[in-house]
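Chains as they are written, first to last, in this note's numbering: chain V, 132 to 447; chain U, 137 to 410.
These are computed hints drawn from the structure, not numbers from a lab. Certain hints may be false.
Reference listing, derived: stretches of chain U covered by chain V, where coverage requires no fewer than 3 residues with Cβ under 8 Å from a Cβ of chain V [stated by the list, open to error]:
{"id": "1", "segment": "151-159"}
{"id": "2", "segment": "250-258"}
{"id": "3", "segment": "266-277"}
{"id": "4", "segment": "344-357"}
Cβ-Cβ distance ranges computed for the label pairs, FRET-style [claimed, not checked]:
{"id": "5", "chain 1": "V", "residue 1": "Lys247", "chain 2": "U", "residue 2": "Leu143", "range": "14 to 22 Å"}
{"id": "6", "chain 1": "V", "residue 1": "Glu252", "chain 2": "U", "residue 2": "Arg154", "range": "44 to 52 Å"}
{"id": "7", "chain 1": "V", "residue 1": "Asp436", "chain 2": "U", "residue 2": "Lys343", "range": "36 to 44 Å"}
{"id": "8", "chain 1": "V", "residue 1": "Lys272", "chain 2": "U", "residue 2": "Arg154", "range": "45 to 53 Å"}
{"id": "9", "chain 1": "U", "residue 1": "Arg401", "chain 2": "V", "residue 2": "Lys443", "range": "32 to 40 Å"}
A short list of chain V residues far from chain U (calculated; beta carbon distances all over 12 Å) [said to hold, decoys possible]:
{"id": "10", "residue": "Ser193"}
{"id": "11", "residue": "Glu223"}
{"id": "12", "residue": "Tyr238"}
{"id": "13", "residue": "Arg339"}
{"id": "14", "residue": "Val418"}
Backbone N, C-alpha and C fix where the C-beta goes; we use that ideal spot for every residue, glycine too.
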Amino acid sequence: MPRNVAVEAEDLIRRFNSFTAVDRLSFRVDEGEVFGFLGPNGAGKTTTVRMLACLLSPSEGSCKIGGYDVSREPLKVREIVGLLTENPSLYEKLTAYENMDFFAEAYGLTDLQEKKSRIAELLEFFDLWERRNDKAGTFSKGMKQKLAIARALVHRPPVILLDEPTSGLDPESARSIRDLIKKLSSQDRSTILLCTHRLEDAEKLCSRVMIVNQGRSIIVGSITDLANRMGGQKVLLVTLKDTSLKTVEAVGSLPHVKEVVQASPNQLTITVDDFDSVTPLVVKSIVESGGMILTVNPLIPSLEDAYLKLIKEAKH
Amino acid sequence: MRFDKALLIFRKDWREIRRNWQVIGPMIVVPLLLSVMLPVLIGLVPSFTSTQNSSTRDLESVLRGLPNNIREEVSGLSGQEIVFYIMISYFFAPFFLIIPVMASTVIASDSFAGEKERRTIEALLASPISDGELLLGKILVSFIPSMFVTFGSFIVYSTVVISTSAYVFGALVMPPLAVWIPMIFGLTPVLSLTAIGLTVIISSRVKGFREAQQISGLLLIPIIILVLGQVSGALILGPLIVGLLILVFAAIDLAVFVIGVRLFRREEILSKLA
Ligand SMILES: Nc1ncnc2c1ncn2[C@@H]1O[C@H](COP(=O)(O)OP(=O)(O)O)[C@@H](O)[C@H]1O
Ligand SMILES: [Mg+2]
Numbered sequence: 132m133p134r135n136v137a138v139e140a141e142d143l144i145r146r147f148n149s150f151t152a153v154d155r156l157s158f159r160v161d162e163g164e165v166f167g168f169l170g171p172n173g174a175g176k177t178t179t180v181r182m183l184a185c186l187l188s189p190s191e192g193s194c195k196i197g198g199y200d201v202s203r204e205p206l207k208v209r210e211i212v213g214l215l216t217e218n219p220s221l222y223e224k225l226t227a228y229e230n231m232d233f234f235a236e237a238y239g240l241t242d243l244q245e246k247k248s249r250i251a252e253l254l255e256f257f258d259l260w261e262r263r264n265d266k267a268g269t270f271s272k273g274m275k276q277k278l279a280i281a282r283a284l285v286h287r288p289p290v291i292l293l294d295e296p297t298s299g300l301d302p303e304s305a306r307s308i309r310d311l312i313k314k315l316s317s318q319d320r321s322t323i324l325l326c327t328h329r330l331e332d333a334e335k336l337c338s339r340v341m342i343v344n345q346g347r348s349i350i351v352g353s354i355t356d357l358a359n360r361m362g363g364q365k366v367l368l369v370t371l372k373d374t375s376l377k378t379v380e381a382v383g384s385l386p387h388v389k390e391v392v393q394a395s396p397n398q399l400t401i402t403v404d405d406f407d408s409v410t411p412l413v414v415k416s417i418v419e420s421g422g423m424i425l426t427v428n429p430l431i432p433s434l435e436d437a438y439l440k441l442i443k444e445a446k447h
Numbered sequence: 137m138r139f140d141k142a143l144l145i146f147r148k149d150w151r152e153i154r155r156n157w158q159v160i161g162p163m164i165v166v167p168l169l170l171s172v173m174l175p176v177l178i179g180l181v182p183s184f185t186s187t188q189n190s191s192t193r194d195l196e197s198v199l200r201g202l203p204n205n206i207r208e209e210v211s212g213l214s215g216q217e218i219v220f221y222i223m224i225s226y227f228f229a230p231f232f233l234i235i236p237v238m239a240s241t242v243i244a245s246d247s248f249a250g251e252k253e254r255r256t257i258e259a260l261l262a263s264p265i266s267d268g269e270l271l272l273g274k275i276l277v278s279f280i281p282s283m284f285v286t287f288g289s290f291i292v293y294s295t296v297v298i299s300t301s302a303y304v305f306g307a308l309v310m311p312p313l314a315v316w317i318p319m320i321f322g323l324t325p326v327l328s329l330t331a332i333g334l335t336v337i338i339s340s341r342v343k344g345f346r347e348a349q350q351i352s353g354l355l356l357i358p359i360i361i362l363v364l365g366q367v368s369g370a371l372i373l374g375p376l377i378v379g380l381l382i383l384v385f386a387a388i389d390l391a392v393f394v395i396g397v398r399l400f401r402r403e404e405i406l407s408k409l410a
């Protein structure tokens with residue numbers, strides 16, 4: 132079943148003076164998909180989201196949301212997009228209800244009954260109904276974040292942009308936000324584009340992820356896809372009574388051993404092609420070169436390691 | 137342009153401003169000081185000092201500097217009454233130009249630069265409200281309360297002047313309406329719009345509302361010159377000058393708003409946040 136494309140960016144570039152914050156990003160997000168935008172701070176995620184939400188004009192390239200071009204039909208785009216901004220961007224002197232009420236009308240919910248019931252529905256969904264008459268300024272970080280997400284959803288937008296929904300939250304609040312996002316995507320089948328620097332968010336929520344760094348796309352794919360493609364490095368961690376140069380050289384000269392690094396005076400990290408076939412050979416060669424082995428541990432690389440490494444590599 | 141969306145912005149901003157003492161405070165205190173304290177002080181203080189003859193000599197030199205029409209207005213009044221009349225009619229008039237400028241600058245800088253500073257502007261700009269609606273709503277919320285405060289102060293001032301004169305002189309002294317009516321209902325609106333327009337322009341350049349407020353406060357300088365001009369007798373706010381000022385500021389308003397609207401480009405506002 133072919134799906135419609137909800138978001139389509141082509142060679143998006145945004146410069147600030149001579150600095151290029153977003154450098155030729157192209158991607159497509161299908162309808163109903165949760166697409167992750169993963170990258171460290173300063174990668175250009177917020178800048179990209181701002182271009183998608185018509186808050187910044189692209190320096191070059193184009194972008195369409197629901198078929199509308201952000202540069203040519205910004206009002207149309209704004210109508211169908213729900214945006215969680217990086218800062219909650221709430222009116223702190225207004226109550227939770229007044230915040231919702233203002234944005235409901237700004238987004239065109241003018242029917243009084245419909246507006247009221249939508250706001251009540253959202254505030255209840257986000258556990259804020261009891262606090263609806265309290266000023267947003269009195270809320271905790273987690274509550275502000277929930278209110279900001281509720282605001283982004285008030286007009287039932289088919290496309291939702293979430294910029295760092297869990298950042299700055301304690302693990303428990305972060306988890307409750309993640310659960311809410313999951314519920315959203317399964318209930319409403321909305322298209323969600325989620326920016327995060329937390330791999331955990333991407334792993335738990337996204338069907339596909341694009342890793343960005345310094346404004347450039349490094350890799351795009353599903354989580355398992357990425358784990359397979361990036362997590363290629365298999366490492367044996369060997370602890371010895373003490374290490375000698377002879378041992379390092381002996382192991383290094385073995386076939387299927389890619390790299391030997393003396394991580395500490397009595398530890399070697401050995402990068403190998405395959406654990407099953409190479410581990411016995413490595414052990415044998417260490418023993419033969421006079422090394423006294425204490426432990427041997429195969430390290431299966433996590434996606435996290437691979438991600439961190441990828442980010443580090445991209446810096447050079 | 138959907139007027140109901142501009143009104144929506146107006147209502148939201150007004151609700152915020154109403155709860156913000158940094159904005160409401162000066163809007164209440166300054167007008168009260170000017171409209172109550174000034175006439176009361178001038179009415180009461182000379183009655184303590186009237187025995188000193190130095191004040192009569194000052195009075196004569198002031199009188200000599202006055203244009204003929206004012207000298208006609210005060211003919212038949214006693215010495216103290218003359219001082220009182222000239223003070224409340226002419227010397228204090230420019231102070232009433234400070235009220236609309238101050239009020240609209242304080243609100244407009246909170247509404248434009250303040251919303252930027254508090255980072256609430258981002259969600260607002262993401263909503264499907266057009267630039268024109270946004271701008272109109274924010275101009276209205278700066279303009280309407282300022283006019284309320286200005287007209288209100290004028291009513292309070294007139295009442296205080298009349299009651300003070302009745303109390304001190306046993307006679308009614310009123311500011312000349314031929315000057316005050318066009319000044320309050322003609323000049324203050326155009327002046328207020330200039331202040332708002334300038335604040336919009338400045339807010340698009342600066343980060344915080346305090347900076348915006350201070351820079352827009354520069355508009356007070358010509359008014360202070362006007363005050364000094366009055367006091368020195370070099371320039372008297374007559375109906376003609378008020379009429380002229382209305383025209384001049386209306387022209388400035390046009391220019392300022394053309395520039396302001398051009399500078400208000402939502403796609404660039406966020407690029408200047410960092
Ligand atoms: N308005 C701006 N002016 C100048 N530089 C900016 C501006 N906004 C973002 N940048 C720069 O662009 C880069 C990307 O920022 P951002 O999009 O916020 O990254 P992320 O959201 O991935 O952390 C950063 O180096 C940031 O300093
Ligand atoms: Mg960011």
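Hint check results:
1. 151-159: holds (count 4)
2. 250-258: n = 5 at 8 Å, threshold three: holds.
3. 266-277: violated (count 1)
4. 344-357: violated (count 0)
5. V/Lys247 <-> U/Leu143: 14 to 22 Å: For V/Lys247 and U/Leu143 the Cβ distance comes to about 19 Å; the hint holds.
6. V/Glu252 <-> U/Arg154: 44 to 52 Å: With Cβ atoms ~29 Å apart, the hint is violated.
7. V/Asp436 <-> U/Lys343: 36 to 44 Å: Distance hint for V/Asp436, U/Lys343 holds at roughly 40 Å.
8. V/Lys272 <-> U/Arg154: 45 to 53 Å: violated, 27 Å
9. U/Arg401 <-> V/Lys443: 32 to 40 Å: holds, 39 Å
10. Ser193: Label holds. Min Cβ-Cβ 14 Å, cutoff 12 Å.
11. Glu223: violated, 7 Å
12. Tyr238: Its Cβ does come within 12 Å of chain U, the nearest being 6 Å, so this is violated.
13. Arg339: Correct as stated: the minimum Cβ-Cβ distance to chain U is 24 Å, above 12 Å.
14. Val418: holds, 59 Å
Hints 3, 4, 6, 8, 11 and 12 from the list above are not met by this structure, while the remaining hints are.
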